[in-house]
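Enquirer: Heads up: the protein sequence lines correspond to chains A and B, in order.
Add 1 to a position in the first sequence, counting from 1, and you land on the number used in the numbering used here.
Add 1 to a position in the second sequence, counting from 1, and you land on the number used in the numbering used here.
Please note: incorrect hints may appear among the correct ones.
No distinction is drawn between identical chains; accordingly, a pair holds when it is met within one copy or between any pair of copies.
[Stated by the list, open to error] Below, a list of computed lysine-lysine pairs in the DSBU-like style, where the Cα atoms sit at most 35 Å apart:
1. Lys-357 - Lys-301
2. Lys-193 - Lys-346
3. Lys-13 - Lys-193
4. Lys-321 - Lys-70
5. Lys-357 - Lys-165
6. Lys-372 - Lys-397
7. Lys-6 - Lys-182
Just so you know, the hints here were simulated from the structure itself, not pulled from any lab data.
Number of protein chains: 2
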Amino acid sequence: MALSKKPVTGMKDILPAEMQVRDYVIGLIQETYKSFGFSHIETPCMENISNLSSKQGGENEKLIFKVLKRGEKLHIPEAQTEADVVDCGMRYDLTVPLSRYYSNNSAQLPAPFKALQMGNVWRADRPQRGRFRQFMQCDIDILGDASCLAEIELMSATTTLLGKLGFSGFKVCFNDRRVLKAMAAYSGFAEKDYDQVFIILDKMDKIGMEGVAAELSENGFAGDAVETYMGLFAELEQAPDSLAYLEKKLDGVVAGGVIAGMRTIIGSVRATASCEFSLVFDPTLVRGMSYYTGSIFEIKMEELGGSVAGGGRYDEMIGKFTGMDTPACGFSIGFERIITILMEKGFQVPQSGARKAYLIEKGMPAETMVKVLAEAKKEREAGIQVLVSNMNKNKKFQKEQLQKEGYGEFREFYKDFQ
Amino acid sequence: MALSKKPVTGMKDILPAEMQVRDYVIGLIQETYKSFGFSHIETPCMENISNLSSKQGGENEKLIFKVLKRGEKLHIPEAQTEADVVDCGMRYDLTVPLSRYYSNNSAQLPAPFKALQMGNVWRADRPQRGRFRQFMQCDIDILGDASCLAEIELMSATTTLLGKLGFSGFKVCFNDRRVLKAMAAYSGFAEKDYDQVFIILDKMDKIGMEGVAAELSENGFAGDAVETYMGLFAELEQAPDSLAYLEKKLDGVVAGGVIAGMRTIIGSVRATASCEFSLVFDPTLVRGMSYYTGSIFEIKMEELGGSVAGGGRYDEMIGKFTGMDTPACGFSIGFERIITILMEKGFQVPQSGARKAYLIEKGMPAETMVKVLAEAKKEREAGIQVLVSNMNKNKKFQKEQLQKEGYGEFREFYKDFQ
Numbered sequence: 002m003a004l005s006k007k008p009v010t011g012m013k014d015i016l017p018a019e020m021q022v023r024d025y026v027i028g029l030i031q032e033t034y035k036s037f038g039f040s041h042i043e044t045p046c047m048e049n050i051s052n053l054s055s056k057q058g059g060e061n062e063k064l065i066f067k068v069l070k071r072g073e074k075l076h077i078p079e080a081q082t083e084a085d086v087v088d089c090g091m092r093y094d095l096t097v098p099l100s101r102y103y104s105n106n107s108a109q110l111p112a113p114f115k116a117l118q119m120g121n122v123w124r125a126d127r128p129q130r131g132r133f134r135q136f137m138q139c140d141i142d143i144l145g146d147a148s149c150l151a152e153i154e155l156m157s158a159t160t161t162l163l164g165k166l167g168f169s170g171f172k173v174c175f176n177d178r179r180v181l182k183a184m185a186a187y188s189g190f191a192e193k194d195y196d197q198v199f200i201i202l203d204k205m206d207k208i209g210m211e212g213v214a215a216e217l218s219e220n221g222f223a224g225d226a227v228e229t230y231m232g233l234f235a236e237l238e239q240a241p242d243s244l245a246y247l248e249k250k251l252d253g254v255v256a257g258g259v260i261a262g263m264r265t266i267i268g269s270v271r272a273t274a275s276c277e278f279s280l281v282f283d284p285t286l287v288r289g290m291s292y293y294t295g296s297i298f299e300i301k302m303e304e305l306g307g308s309v310a311g312g313g314r315y316d317e318m319i320g321k322f323t324g325m326d327t328p329a330c331g332f333s334i335g336f337e338r339i340i341t342i343l344m345e346k347g348f349q350v351p352q353s354g355a356r357k358a359y360l361i362e363k364g365m366p367a368e369t370m371v372k373v374l375a376e377a378k379k380e381r382e383a384g385i386q387v388l389v390s391n392m393n394k395n396k397k398f399q400k401e402q403l404q405k406e407g408y409g410e411f412r413e414f415y416k417d418f419q
Numbered sequence: 002m003a004l005s006k007k008p009v010t011g012m013k014d015i016l017p018a019e020m021q022v023r024d025y026v027i028g029l030i031q032e033t034y035k036s037f038g039f040s041h042i043e044t045p046c047m048e049n050i051s052n053l054s055s056k057q058g059g060e061n062e063k064l065i066f067k068v069l070k071r072g073e074k075l076h077i078p079e080a081q082t083e084a085d086v087v088d089c090g091m092r093y094d095l096t097v098p099l100s101r102y103y104s105n106n107s108a109q110l111p112a113p114f115k116a117l118q119m120g121n122v123w124r125a126d127r128p129q130r131g132r133f134r135q136f137m138q139c140d141i142d143i144l145g146d147a148s149c150l151a152e153i154e155l156m157s158a159t160t161t162l163l164g165k166l167g168f169s170g171f172k173v174c175f176n177d178r179r180v181l182k183a184m185a186a187y188s189g190f191a192e193k194d195y196d197q198v199f200i201i202l203d204k205m206d207k208i209g210m211e212g213v214a215a216e217l218s219e220n221g222f223a224g225d226a227v228e229t230y231m232g233l234f235a236e237l238e239q240a241p242d243s244l245a246y247l248e249k250k251l252d253g254v255v256a257g258g259v260i261a262g263m264r265t266i267i268g269s270v271r272a273t274a275s276c277e278f279s280l281v282f283d284p285t286l287v288r289g290m291s292y293y294t295g296s297i298f299e300i301k302m303e304e305l306g307g308s309v310a311g312g313g314r315y316d317e318m319i320g321k322f323t324g325m326d327t328p329a330c331g332f333s334i335g336f337e338r339i340i341t342i343l344m345e346k347g348f349q350v351p352q353s354g355a356r357k358a359y360l361i362e363k364g365m366p367a368e369t370m371v372k373v374l375a376e377a378k379k380e381r382e383a384g385i386q387v388l389v390s391n392m393n394k395n396k397k398f399q400k401e402q403l404q405k406e407g408y409g410e411f412r413e414f415y416k417d418f419q
């Protein structure tokens, strides 16, 4: 069979110029998150298929790249379903693997545990421009802390990082699943319908208040409930202090302390902000993943028309592995989106030192070449990046190419070099 | 189905202590190889199955983790063989993907191209202590340079790196497939038998000269050939200058310039060494991969009883993709082995700054917590790693745990903090 030059459909080769930006951003992520006390960890890229298909991953579970059983365990001619031939799969996020990791290793980890993960995930999405089937995710999570200090640290760390990357004026939207549910309960929706209601609510920024009201009615929800629900959102828009309004309105419906906690989180993150951004309570923020149990948040950037980071509290997932609930809260930045924005902006990685290219005449005697190499050694030890290369026939073109790679200085060495 | 806490068989979770060492080594690899002008690149972790099964990968092709086709392309009940249900697989090395990458992108890359790759590879090996089914490889390759400058730069860069990691006294063994073949030809072995002869020769350090001679005879090779062959090795051991001996002996059998090139490589690398090691011509060095076409090399460390790095020239692989031969030479370090040695040695990562842990009394009012967080912000901006955590009931145990994580200083904040 002929060999194919192209990468696997939907995946991409990364060229040196992009790789420089990625390495720079990865370095900044490590430095920033470590300064907040997060520990870098890693899990394997594959997980047992039962863990990936445990309904924790929502829609992503439909997109798993599955791995074939091997050796004696594989019987293809008799196989009827995927389950007969598959034993593991590629991870589609870093949250399910982290929960398994914590269950497996918690005895050796501090409590609470602050984890930083950077790694590839795989999703067999329909290939489209700018979206790939292998992409990097970058998550921070705090496990074992039920207090709102977890949310504050996650938001402070993430906004600090975005600031260091040169972004400002972005918007951190904040909500709580318990408030979402209380607003639905107050309006008279049945608990079994919440998910459907929230899917429609999630369209607010596209179809507006009237659109949401219309779609709720079309889906057969009672007029009373829809009216009360939309009334809440309308009044929230007018309220001078929307959290105070809800605290009063939902008294007895939402658990005590939930709204006070939100106020603490918003106040603390604002007061210690290290770059310019807005942090707002957004009662229409839903976040797709069904595993969220408390606060949910998302960072939006105008220049992108989309989200560059998202996260929330998922206090019940680790219990699925251990049988014992562990509070957990995480924030994931859209690494690939950030790289795309930086590349489009023409972002230049700050150079840490000079770059020189040595061009050597072909056929140079070995004794002379040693002298050139000794020179290169000396300069490299002094922190200079030195490329040693044979001189091409078209020296001018060679230099132009090397200039594109950032080589600003050239030295030419001929056979008579002393 | 119950969720499993363990990672996939043969793969491992990486704890924070090991991850610190890995991150440190990765940083040093990048810094060192970049100073030699290598550009960091990345390919997807999956490749089309036809590329992985092209006989370039030798024995590793038997160990591929294969990925199931998805959606409409998959028909399990009718499938008879793996080929019916599989379209790609996990890479088992970084060399086949690099060749594909170069074929796909060479128009956008400088010539020659010096590539640095660090990434996971997967092999469904029989699980055993210290060997994993997912592991990191770290390769440097020079593409488009047929001269021995490529070998010199690869060896200098790799030995410089090992020196920076604190290793010394290691042994770089060096040979050339063309010398290996010429010695076999000179002895009268048929070309079709070379691979079998080399597999037996490869056992020299385990079974010795007599063992090799006996096994060659047992395998039915002519007594004359075996005798001549073993005679060459015996005389090489005695020769004061083994390359000069071979140059004379193999005159007309080995291509002109091959041995002179080896002498240049050995001389140049020795003369510009940046740490203490020995570099020797080893006529028994074989290296398993059939794709090697010229020089081959391997670094051995006494304290390991094994190889920590290996590589060679593979001038014909890229032509399999492009139809046009491109000279290529690479060196791969055994990243996981190096990490294992460092961990066993109790290697401590040099700390770049102080680490402080702030412990906060539970129930602290929001206004007070903001003051503590502002304090943390100030210290973080000054380059200190600050962990902010709620105070646990058992404060003494909490501090002991944090000390293990490298936190040397503690600050306690109570509700009355001003």
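Enquirer: Which numbered hints turn out to be false for this structure?
Expert: Hint check: 2, 3 fail, others pass.
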